[in-house]
Every structure is written in structure tokens, then in C-alpha cells.
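A.B. asks: Per this note's numbering, residue 29 is the first one in the sequence shown, and the count goes up by one each step.
Think of the hints as simulated: they come from the structure by calculation, not from any bench. A hint or two may mislead.
Claimed, not checked - Ranges between beta-carbon positions, derived for each pair:
| id | residue 1 | residue 2 | range |
| --- | --- | --- | --- |
| 1 | G748 | A895 | 28 to 34 Å |
| 2 | Q636 | D950 | 29 to 35 Å |
| 3 | P942 | R644 | 29 to 35 Å |
| 4 | E386 | G347 | 34 to 40 Å |
| 5 | E270 | P942 | 50 to 56 Å |
| 6 | G347 | M526 | 49 to 55 Å |
| 7 | S302 | D220 | 42 to 48 Å |
| 8 | G705 | G347 | 42 to 48 Å |
Don't be surprised by glycine CBs; every beta carbon is placed ideally from N, CA and C.
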Amino acid sequence: MIETAVDSTSLLSALAEVGVQADASTRRRAEYAYDASNYRVVPVAVVFPRTPDDVVAAVGVCRDTGTPIIARGGGTSMAGNAVGPGLVLDFSRYMNRVRAIDEETGTVDVEPGVVLADLSVAVERATGGRRTFAPDPSSKNRATVGGAIGNDACGNHSVRYGRTSDHVAEIDLVTSDGARLTATETGLRATDPADAVSAARAEELTASLTGLAQEHLSALRLELGRIPRQVSGYHLENLLPERKFNIARAVVGSEGTWAVVVGARMKLVPKTASALLVCLGYRDVVDAARDVTTILEFSPAAVEGTDAAIVATMRHRRGPDAVLGLPDGEAWLFVDLDGDDPDSVSAQADRLLERLAENSRLVQGRKAADPAERASLWRVREDGAGLSSRLASGGESWPGWEDAAVAPERLADYLADLRELLDSHGLTGVMYGHFGAGCMHIRITYDLRSEQGRSVFREFTRQAAELVVRHGGSLSGEHGDGRARSELLSIMYSPEVMAAFAESRRIWDTVGILNPGSMTDPDPIDAHLALAGVPEREWRTSFELNPTSGRDPWVHAVQGCIGVGRCRADGGGVMCPSYRATRDEKDSTRGRARVLQEVVRGARTVEQGWRSEEAREVLDLCLSCKACATDCPAGVDMATYKSEFYDHYYRRRLRPRSHYTLGWLPRWLKLTGRLPGAVNAVLGSRLGKAISAAGGLTTRRALPRFAGAGEWRREVPDAGAEGSVVLFVDTFTRGFRPEVAGAAARVLGDAGESVTCSADACCGLTWISTGQLGTARRKLAEAAASLDDGTDRPIVVVEPSCAAALRKDLPELVHTDQARRVARRVRSFAAHVADRVAGGWTPSPARPPEKAVLQTHCHEHSVFGAAAQRTALQAAGVCEVVDATGCCGVAGNFGFEAEHYEVSMQVAENALAPALRGTDRDAAVLTDGFSCARQVDQLDPTRPGLHLAQVLDPGHDR
Numbered sequence: 029m030i031e032t033a034v035d036s037t038s039l040l041s042a043l044a045e046v047g048v049q050a051d052a053s054t055r056r057r058a059e060y061a062y063d064a065s066n067y068r069v070v071p072v073a074v075v076f077p078r079t080p081d082d083v084v085a086a087v088g089v090c091r092d093t094g095t096p097i098i099a100r101g102g103g104t105s106m107a108g109n110a111v112g113p114g115l116v117l118d119f120s121r122y123m124n125r126v127r128a129i130d131e132e133t134g135t136v137d138v139e140p141g142v143v144l145a146d147l148s149v150a151v152e153r154a155t156g157g158r159r160t161f162a163p164d165p166s167s168k169n170r171a172t173v174g175g176a177i178g179n180d181a182c183g184n185h186s187v188r189y190g191r192t193s194d195h196v197a198e199i200d201l202v203t204s205d206g207a208r209l210t211a212t213e214t215g216l217r218a219t220d221p222a223d224a225v226s227a228a229r230a231e232e233l234t235a236s237l238t239g240l241a242q243e244h245l246s247a248l249r250l251e252l253g254r255i256p257r258q259v260s261g262y263h264l265e266n267l268l269p270e271r272k273f274n275i276a277r278a279v280v281g282s283e284g285t286w287a288v289v290v291g292a293r294m295k296l297v298p299k300t301a302s303a304l305l306v307c308l309g310y311r312d313v314v315d316a317a318r319d320v321t322t323i324l325e326f327s328p329a330a331v332e333g334t335d336a337a338i339v340a341t342m343r344h345r346r347g348p349d350a351v352l353g354l355p356d357g358e359a360w361l362f363v364d365l366d367g368d369d370p371d372s373v374s375a376q377a378d379r380l381l382e383r384l385a386e387n388s389r390l391v392q393g394r395k396a397a398d399p400a401e402r403a404s405l406w407r408v409r410e411d412g413a414g415l416s417s418r419l420a421s422g423g424e425s426w427p428g429w430e431d432a433a434v435a436p437e438r439l440a441d442y443l444a445d446l447r448e449l450l451d452s453h454g455l456t457g458v459m460y461g462h463f464g465a466g467c468m469h470i471r472i473t474y475d476l477r478s479e480q481g482r483s484v485f486r487e488f489t490r491q492a493a494e495l496v497v498r499h500g501g502s503l504s505g506e507h508g509d510g511r512a513r514s515e516l517l518s519i520m521y522s523p524e525v526m527a528a529f530a531e532s533r534r535i536w537d538t539v540g541i542l543n544p545g546s547m548t549d550p551d552p553i554d555a556h557l558a559l560a561g562v563p564e565r566e567w568r569t570s571f572e573l574n575p576t577s578g579r580d581p582w583v584h585a586v587q588g589c590i591g592v593g594r595c596r597a598d599g600g601g602v603m604c605p606s607y608r609a610t611r612d613e614k615d616s617t618r619g620r621a622r623v624l625q626e627v628v629r630g631a632r633t634v635e636q637g638w639r640s641e642e643a644r645e646v647l648d649l650c651l652s653c654k655a656c657a658t659d660c661p662a663g664v665d666m667a668t669y670k671s672e673f674y675d676h677y678y679r680r681r682l683r684p685r686s687h688y689t690l691g692w693l694p695r696w697l698k699l700t701g702r703l704p705g706a707v708n709a710v711l712g713s714r715l716g717k718a719i720s721a722a723g724g725l726t727t728r729r730a731l732p733r734f735a736g737a738g739e740w741r742r743e744v745p746d747a748g749a750e751g752s753v754v755l756f757v758d759t760f761t762r763g764f765r766p767e768v769a770g771a772a773a774r775v776l777g778d779a780g781e782s783v784t785c786s787a788d789a790c791c792g793l794t795w796i797s798t799g800q801l802g803t804a805r806r807k808l809a810e811a812a813a814s815l816d817d818g819t820d821r822p823i824v825v826v827e828p829s830c831a832a833a834l835r836k837d838l839p840e841l842v843h844t845d846q847a848r849r850v851a852r853r854v855r856s857f858a859a860h861v862a863d864r865v866a867g868g869w870t871p872s873p874a875r876p877p878e879k880a881v882l883q884t885h886c887h888e889h890s891v892f893g894a895a896a897q898r899t900a901l902q903a904a905g906v907c908e909v910v911d912a913t914g915c916c917g918v919a920g921n922f923g924f925e926a927e928h929y930e931v932s933m934q935v936a937e938n939a940l941a942p943a944l945r946g947t948d949r950d951a952a953v954l955t956d957g958f959s960c961a962r963q964v965d966q967l968d969p970t971r972p973g974l975h976l977a978q979v980l981d982p983g984h985d986r
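Build out the structure end to end from the sequences listed, making use of the hints.
C.D. replies: So this is what it looks like as C-alpha cells:
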């Protein structure tokens, strides 16, 4: 770890004395050593302030001890703005309230930790959809207002709405000397007029900043504010007389080096009545860029773009239907047109397509009027950073030169020259970004792990900076300079302006403790690189982790997290249920990955690394839902990593009791199936609670009814040996829900299938989820041998988690052709039924419900996709489907374990519990997963969770 001169013990004691709690644990410091950049700087401690007074107190201690301060929001900085060697202040956890919305004045009063998307939703709800908050970077569902102010974030609609600095009215600040000030559009004042010390400091700052502007009038006018996306450096042009000494705008983009933001009044904008996305396909990004000036003539709200590598990765990771409505081409522009009514917007789109056809560069263009297509296309653009980090081709790409901007009319020439520069260094750039604003986000295939690769990184970045300056551009267009570009600012600005930057920082931060290493007196761009210095060692794993040539598979896997933080978002998928419940970074996919990255870096031996208590702690609340494997743009698969780590951690150790009760469940079911009546009677009595407690299970959740060993066979009396489909009756279905097997067989029969049943094998799921991989591998190998019958018949699995284990975990744990053959044949029941519907079959349930609450199992979502059940329900005539998008909270063994019960119920409150409360009791509740059904039973015992097979059953009377 990078050490600082600060004594953490003394710092913690001093903070405690002023009532500020700080966390200096090794685990917490690992979580906050990274953001979404290439850099790693381990802090001394982390504080989660609740009020501005907490910030004042913490700043006072840091001033007295000489401790650097790093203000942090969502931690999504790609420039290294949110890491540093001192005390990190994370505002996202507690200081995240929308305090007041004033439609009349068009402003909203917020704390710095408010997530941008949450702010927009709150404003639209409060104003009846008439107003919104405009800045919408792709990270808007986890990035915060404070972060947007820090680096002057823009977003997909910046062509219309500009930068964050265009939407700031006032900013509340705490300076390094403890003053509480408010920056306004015309000056600076004490936040509290009665605070004489702060009032005096405001007057002093005003005089100093006025003098600075007067001293450098000519240079500031000539060099700053030249193009729409000139974000690099301090925005000192706002101190000029013609800008009315707009201190609020000057503070935006100062990257936490002037003062700490503790509140703001932000401006609102009208929300347009109608919008239409036009998608345009081109041969390459240069052709696309040449059409931008024509597109801008049509006053679009957005002109965004992406290239073919990102689209291919999206389809590779999430399936061919993950990208809908894309026209032909190898690069695409997404143009948002808006107006007062749909007809006029559509006509405008037609005129745009005609004009672009005249330019002869457009391959194909189309209007994306369907909401699903629109959402799909925007998701490609918004997940660009993560998708481009680990490509379908197997390559990796990194930020560093991901944010340069030029005037839109110069973008095509700049990109053409940049491609030549990339080629000269043997590099490839994956390109996406804000074409309409001239700002390109380019992730590049640097090798940051080797000295030679880092030398290429440094030389290329310097030459790229010189190139963009020749094109009249800016090193940064919205991400800020941070550790990635501050060293290169002297290429872009004259010595006079650089001196003005340094002086402005000294004026604000008199003691020099705010976010050191960025902007002025910067660290080298190749210092503190996260991939440098990781030991090359062999970490043997049971899972096949798809290694890149020459790299240890485990190290390569855990380094997949690049910090974009989608796991901290509230919507747009299932990931990450534990973070949504606790709001603690340690319970996010990113937090877990960062700790694992520190383990492979810092453990003295591999054996010590596998016994890391910090890693065990962050993995404890991972529900193994597998959602991150699909929802994470970088493809981080934390469920697999947890299973692998637990297998090593508990080797030759006594495990938690639940690993023997729930982890060995298939073994126990062989016993309970012989005397189910007696077992159910005992477990339903007082003795049952004692047995549960002794087995490490919660006594607050009712145990399910155990079925007899032969019950499932009576449900499928007509199954033959030569069916067209193999119905795999899994352990959970046999042991708890045998009636579902019968319903599934009847539905398949109704679809024209003849059914063969297989129930002689186990997928090993419970051993996988508890990290008992030796047993899991044996069970899976036996299953593969049992199911490999020499045919290509689909293997349709009733329980989605078992289907996912056979489809994904089987070939990753059993490295044989037989395992791969069987895995390719596996379908979940829902996925198979959806395929039959797509082939023309219409379900004919006996009594289809009019309305259904749909709880898609997380493993179904991750491995087979989330649309299958809805497709089948709609084909069956179910009029209304309410999606409870998210994990149910039980997640196999997790919700039955005593220590996890509370969190499991908090997870249910993310989606499932509100969906049940918000629907009538006559709405069917669809829970293909057995664990999901158990959670529904816990939440509302009067509404049984039904499998899709039971809803579609042609002979089932609900």
C-alpha cells in the first residue's frame, strides 16, 4: 500500500474527539483506493459525513495534522479525481438528500451525495413532469451532484444542455481553513450571514480572486472558454468582468482542489413533450463525425456515438437480442430529436435522413420509435466504458486518453489523425462518446502491466495531448484532468495561465491539503498505476476463468472490475442486491472486487491470500445471484469468485453450520423423502425451531414442506424414454415442489413435445454456492454422464438456478467435451417455452390470470435473459405483467441463514415486497425459482408463488 506521513492512529483519535467516526480498516482502505481510473492510491481512512458540521470538523483535524482531503461521490472518476493519500470524505452514503424543489424559481436545493438520476426523477415527480435536471452523463444512475460539480460533467444531451457549470446557481463550500462559504453567480458570501469569520474570509477571497483576474485579463480571455467542451484546467474565465465574477461557475471543474462542496442550488430546465431517437449507421467513426455538422443544423438534443467493438461485446455478453433496432454499419450515431408533438418530430427525422443521404456517407438510418428499441440502444451507449474494457475479441482497453474534445467541425479530422497516432504505437482505440459536442471517449489497448507498455502509455498520451492542442481542442471534455492529464496541462496552456491556475489554488487552499496530485503540482501520469507492481504468481482455481494469454486467470478475473460502479445503481438490472440493501461500498460488486485486487497484490503468499479475512468479510453478504455476470458492463462474476474463494478459505477448516445443512441439502433430501410426514411434523413443532437454530438456520423463516421421494413420478406418468425433449426434474422440484414437474410436462405436451424425464442427477448448486467445489465437480461430472445420451435433444430444467448451474458452471468446473456438449443443450423452462412461442405455439392455460407479478429468478436473468417469462405470459393472454425487477433476497441458502435473514428481507424491499403491496391479491405471483417462492410465502402467506408451468398448465385450475 502507498504510505503517507500521517499517523492514522493519531488522526482517528483526533477525529473521534470532534465527533467524527472514521474507518481505517485495511478492508475499507482497499475499497477506496480506486475509482474508475487507471490509478490506485490507498487512503489513510474514510469518513461518511452526515452534515456540513461533520465536514467542518473533519477538515479542521486534517488541517491541524497535515492530512490530505479527498472529496468523493459515486467514485466513478475516470481521471483519478476521487483517490488520494489522505482522508476520503464519501458524501454518497448519508449526505444525499434533495432538500427543496422550487418550480417557480427553477432551482433545486441538494446535498452533494444526491445521485443525478435520482435528482431528475425527484424533480419530474414534484413538477408533474414539467421540469427536470439536465446533466445526464452515462454514469448518471450512480454519479452524484458533488462529483458532477467537481469535474464539470456533461452527458448525453450536452448538445442541448451544456455542462454542469451551465446549471449551477449557488454552491455551499467548506474551505481548508474552515470557512463556510456560498459561491454565487455574482460573488462569494458567508453561508451564515452571522458567521463573522467566514464573512471575512469571503471578502479576502473576493479581493484576491478579483486581483488575479485583473492581472491576467488578456491571457484568460484568449486561452479559456474557446470551445463548448473546454473542461481542462480551472475555469478562471468566469472571474472576468464580462462574466460578472461568477464564482459558482468558476468553482465547477476545480476537482475538489479549491474547497469541499457540501450543498448546492442547481437550475432546472423544461422537459420536452416528445422525443424520437434516430439511429444512423456508418462505415467508421470518421465518416460519422463528418456528418455531425449537418446533424447539428436540426437542433438535436443529443448526438452520441459508438463503434462496432462495443456492440459486439454487448451481444456477446448479454445475447443477440441485447441490441435491438441497430441499422447496418460499423459505427453508429444516436440522434435525439425532440419537440412539442410526435408528428412534427417524426417529420424532422425524415428530413434529417434525407439530408444525410445526400452527403453519401450514411450506410443506413432508421427511426427507433419503439420504447424497447430506444432503451436498448441507449443502454449500449451508456455502458460503453465497461463494455469496452473487456471486449468480445478477448482484448482489454483502458482510460487515460478517454476524454479529449475539439470543436465539432474539427472532430473528423482529429479522429483521422488520432487513428494514425494509435497505429504508430501499435494501439487500438475503442471509440464512443459525445460526437455532437466534439468530445470522444476512447479506451485504448495499453499494456499497463509491463514497463514497456507503461512507457508506450506515457509517450502516446503526451503525443495525443499535442495532437488535440493542434486541433484547437482540450485534454478533457468532461471527466476533468485529475491524475490522468494534469501533468500535460502545460502543453495546452501558456506559462502565464499555468501560473494563474497555481495562484488560484493557493488563494483557496492556503494549507495545501485538498486533493493533492491533481491540477497543479501534479503527480506524473504514470505514477500510482493500479496494474503496476502486481506480483506474477499462480493462483490455482477450480473454475475455468477464461484467462488471457500469459496472465494468471484468477488475477485477470478479479482485475475485471474497472470501477464504473453500475453495481451501485438502483435500477437498470438486478445487480447488486446487497448494496441496494445496505448502501455500503463493501457490499457492492465493485467494493468486493477492489478488496480481491488488493489481496492478489499484497498477500505475502498465495496461501495467505486465500485466507484473507478482508476478502471473506466483503464476500459475506454476496447473495451469489450471478446478476453481475450480466449486468456489470465489465462482466465481473462475483458469484463465481465467491465460490472459488470460499473453497480455498475453508479448506481444512470448520465451516459455518449452514454449509453442512443447506450446502449438503441434496443428501438430506434423500433421507427426508423416505419419511416426509414425520419430518414435516417435527419441523413444524417447537423442536423444529431448535433443529433450525442448531443447523445455523434462522428461526424467523418457515421451513418448506418436504415431499416424498416418489411424488414427482406420480406427477409425470406419461413420460416416455424417447421424447423429443428431456425434462430434468431437479433436486428442489423433487424435494419440495413435485407438482411443478407435472405441470411442466403437460405444458411441454401442449406445445407439441414428447417428454422424457431425467431425475437421476444433481447439478451441485448447493455445493457451488457454499464453495465446496470438489463435491460440486463430482456431482456435475455425474450429471454430464447421465445426460449425455448421444442426442441433441433440449434438456429443459424446471428450477432456473439448476438450469444455470448446468449451463454455465458445468463447463467451467468440469473441463471435458462431454460437459460442454451437455451444457449447450440446457434450457431453463421459461427460455424453452419462449422459444416455442417464437416458433408459433400459443399456450392454452386452463385459467390464465388477467394480471401477474413477475419475479424473475436472478440466475434466469443472468444466464438465460429476463424476457422469457413475460413473452410466455403475454402469449397466454395475461394482460398486465408487473415486473419485480431485482433479487428476492433468499437466493438459495442466503436467506435461510440466521446471520443473513435481516439483509434478505431488506433485499426484498428493493422490488418484490413493493410489487406485492402494490397489486391486488387476485394477481398471480410468478416465481419460477424455489427460493423466490419461499420469499413470497414469507412476505404474504396468502399469495402462493407459482411456477410458469403452473400458470400455463392446460390442466391446472388455479
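A.B. asks: Hints first: check each against the structure and report whether it holds.
C.D. replies: Each hint tested on the structure:
1. G748 - A895: 28 to 34 Å: holds (31 Å)
2. Q636 - D950: 29 to 35 Å: violated (58 Å)
3. P942 - R644: 29 to 35 Å: holds (32 Å)
4. E386 - G347: 34 to 40 Å: holds (37 Å)
5. E270 - P942: 50 to 56 Å: Holds - the Cβ-Cβ distance for E270 and P942, about 52 Å, lies within 50 to 56 Å.
6. G347 - M526: 49 to 55 Å: This hint holds: roughly 50 Å between Cβ atoms.
7. S302 - D220: 42 to 48 Å: About 45 Å separates the Cβ atoms of S302 and D220, which means 42 to 48 Å holds.
8. G705 - G347: 42 to 48 Å: holds (45 Å)
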